[in-house]
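Chemist: Sequence:
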Amino acid sequence: MMRHLALAALLALALLPARPVADRQTATTPCCRVYASVLDDHDAPIADLAAADVAVKEDGKPREIVSVESPTGPLQIVILVDDSGTGIFRFGLNGLMQLLQGKAEISLRVVTGQVQTIVETTADPRAWVDGLARVGVRPATPDGGQLLEGISEAAKDLQRREARRPVIIALTVGGQEQSTLLARPVLDTLHGSRAVLHVLFADSPAVRPVAAAGRASDLLEENFNLSRVLGDGPKQSGGRRRDVLATGAIMQGVQQIARELLAQYAITYARPAGGNAPQKLEVSVKRRGAKVTAPTRAPAR
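Take 1 as the starting number for the sequence shown in my numbering and just add one per residue.
Bear in mind the hints are in silico, worked out from the structure with no lab data behind them. We treat Cβ as the ideally placed atom computed from N, Cα and C, and that holds for glycine. Accuracy of the hints is not assured; some may be wrong.
[As the list claims (entries may be wrong)] When the alpha-carbon atoms are kept at most 20 angstroms apart in a straight line, the in silico PhoX-like pairs for lysine-lysine are as follows:
#: 1; residue 1: K291; residue 2: K57
#: 2; residue 1: K103; residue 2: K57
#: 3; residue 1: K61; residue 2: K286
#: 4; residue 1: K103; residue 2: K280
#: 5; residue 1: K61; residue 2: K280
#: 6; residue 1: K57; residue 2: K286
#: 7; residue 1: K235; residue 2: K57
#: 8; residue 1: K235; residue 2: K280
[Unchecked claim] Quick list of the computed label-pair ranges, beta carbon to beta carbon:
#: 9; residue 1: N276; residue 2: A47; range: 26 to 32 angstroms
#: 10; residue 1: V129; residue 2: A47; range: 26 to 32 angstroms
#: 11; residue 1: Q116; residue 2: A47; range: 36 to 42 angstroms
#: 12; residue 1: H42; residue 2: A270; range: 30 to 36 angstroms
#: 13; residue 1: E64; residue 2: R287; range: 34 to 40 angstroms
#: 14; residue 1: R138; residue 2: G95; range: 16 to 22 angstroms
#: 15; residue 1: S70; residue 2: D203; range: 30 to 36 angstroms
#: 16; residue 1: A47; residue 2: G192; range: 28 to 34 angstroms
#: 17; residue 1: R287; residue 2: G192; range: 30 to 36 angstroms
#: 18; residue 1: Q159; residue 2: K61; range: 25 to 31 angstroms
Please construct the entire structure, taking both the sequences and the accompanying hints into account.
Modeler: Quick look at the structure:
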């Protein structure tokens with residue numbers, strides 16, 4: 001009798017339908033993490049966000065949320081100051097560094113003809129203060145600088161350091177770009193570093209008049225590449241670009257960058273195994289009045 005029962009069980013298993021290959025290919029793995037800043041309609045951080053409040057889509061397809069949590073560990077920030085020697089960002093940076101004290105490691109760099117490091121990466125506020133003293137009024141650089149080089153090198157440095165919460169802040173008054181880098185490779189380098197790019201553009205010809213280029217085509221191409229990175233980079237990486245006209249708005253704009261960084265959430269979600277790498281990312285929050293700043297380019301991993 002036992003032998004007949006065993007044979008019957010084996011026969012029943014053999015007759016079960018095989019699991020479709022497609023089902024096996026849709027297995028997911030919690031490999032993807034992005035950082036998103038979430039503020040209410042008064043620009044105050046929302047402090048109690050949960051996984052049920054967040055939705056993520058890649059190329060229009062919903063993803064499973066694994067966790068939503070306040071990130072641990074310090075921010076790793078590279079600040080690029082492109083101010084033509086005017087020192088107009090100094091007071092805003094002082095406020096930003098006060099807000100980030102104890103919560104960030106910062107490198108301060110100045111964009112002139114080339115990029116110069118004023119403060120190496122450190123969490124020491126005394127080093128920040130010493131560095132700020134060197135970004136006051138200085139000899140002007142009306143012919144522009146190499147901001148594209150600065151962004152590209154900052155992204156490479158953060159990737160080499162395997163920074164966990166990398167950020168690049170570019171503060172610029174515009175002008176002629178001297179770098180010959182193309183926008184696409186710089187955007188790809190930024191994406192590979194996983195750094196969030198924030199840009200504050202003080203748009204005033206009186207601060208830095210545009211010098212005449214050797215050839216009009218050179219000026220057009222170089223400034224086009226810079227404009228594309230300063231426009232697309234923040235959107236793709238999860239930062240913001242702010243354009244300010246009034247000098248008085250600069251300090252508030254710089255400090256608002258710090259507030260948004262402090263409002264970050266780490267969102268981990270699952271992606272189906274196999275298939276082509278997704279391109280577009282959409283992060284939304286199911287809270288009335290919530291404003292989300294998140295990457296729009298899907299992470300590679």
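Chemist: Each hint: holds or not?
Modeler: Structure-based check of all given hints:
Restraint check: the Cα-Cα separation between K291 and K57 comes to about 17 angstroms, which is no more than 20 angstroms; the hinted pair holds. Note on K103 and K57: the hinted pairing is violated, with a Cα-Cα distance of about 30 angstroms set against a maximum of 20 angstroms. Restraint check for K61 and K286: the C-alpha separation of about 17 angstroms stays at or below 20 angstroms, so the hint holds. Our distance criterion of 20 angstroms between C-alpha atoms is broken by K103 and K280, whose separation comes to about 30 angstroms.
Taking the CA atoms of K61 and K280, the gap is about 10 angstroms. The hint holds against a cut of 20 angstroms. Between K57 and K286 the alpha-carbon distance is near 14 angstroms, which keeps this suggested pair within the 20 angstroms criterion. Restraint check: the Cα-Cα separation between K235 and K57 comes to about 16 angstroms, which is no more than 20 angstroms; the hinted pair holds. Distance check on the hinted pair: K235 and K280 sit about 11 angstroms apart at the alpha-carbon level, within 20 angstroms; holds.
In this structure, N276 and A47 break the distance hint of 26 to 32 angstroms, their C-beta atoms being roughly 37 angstroms apart. The hinted window of 26 to 32 angstroms between V129 and A47 holds, with their beta carbons roughly 30 angstroms apart. Distance hint check for Q116 and A47: the Cβ-Cβ separation is about 39 angstroms, which falls inside the suggested range of 36 to 42 angstroms. Hint check: H42 to A270, Cβ distance near 33 angstroms, so the stated range 30 to 36 angstroms holds.
At about 20 angstroms, the CB distance of E64 to R287 disagrees with the hint of 34 to 40 angstroms. Remark: the range hint 16 to 22 angstroms for R138 to G95 is upheld by a beta-carbon distance near 20 angstroms. Between S70 and D203 the CB atoms are about 34 angstroms apart, so this pair conforms to the stated range of 30 to 36 angstroms. Between A47 and G192 the C-beta distance comes to about 32 angstroms, which sits within the given range of 28 to 34 angstroms.
About 32 angstroms separates the C-beta atoms of R287 and G192, a value consistent with the hinted range of 30 to 36 angstroms. Between Q159 and K61 the CB atoms are about 28 angstroms apart, so this pair conforms to the stated range of 25 to 31 angstroms.
Going down the numbered hints, you'll see the structure goes against 2, 4, 9 and 13, while the others check out.
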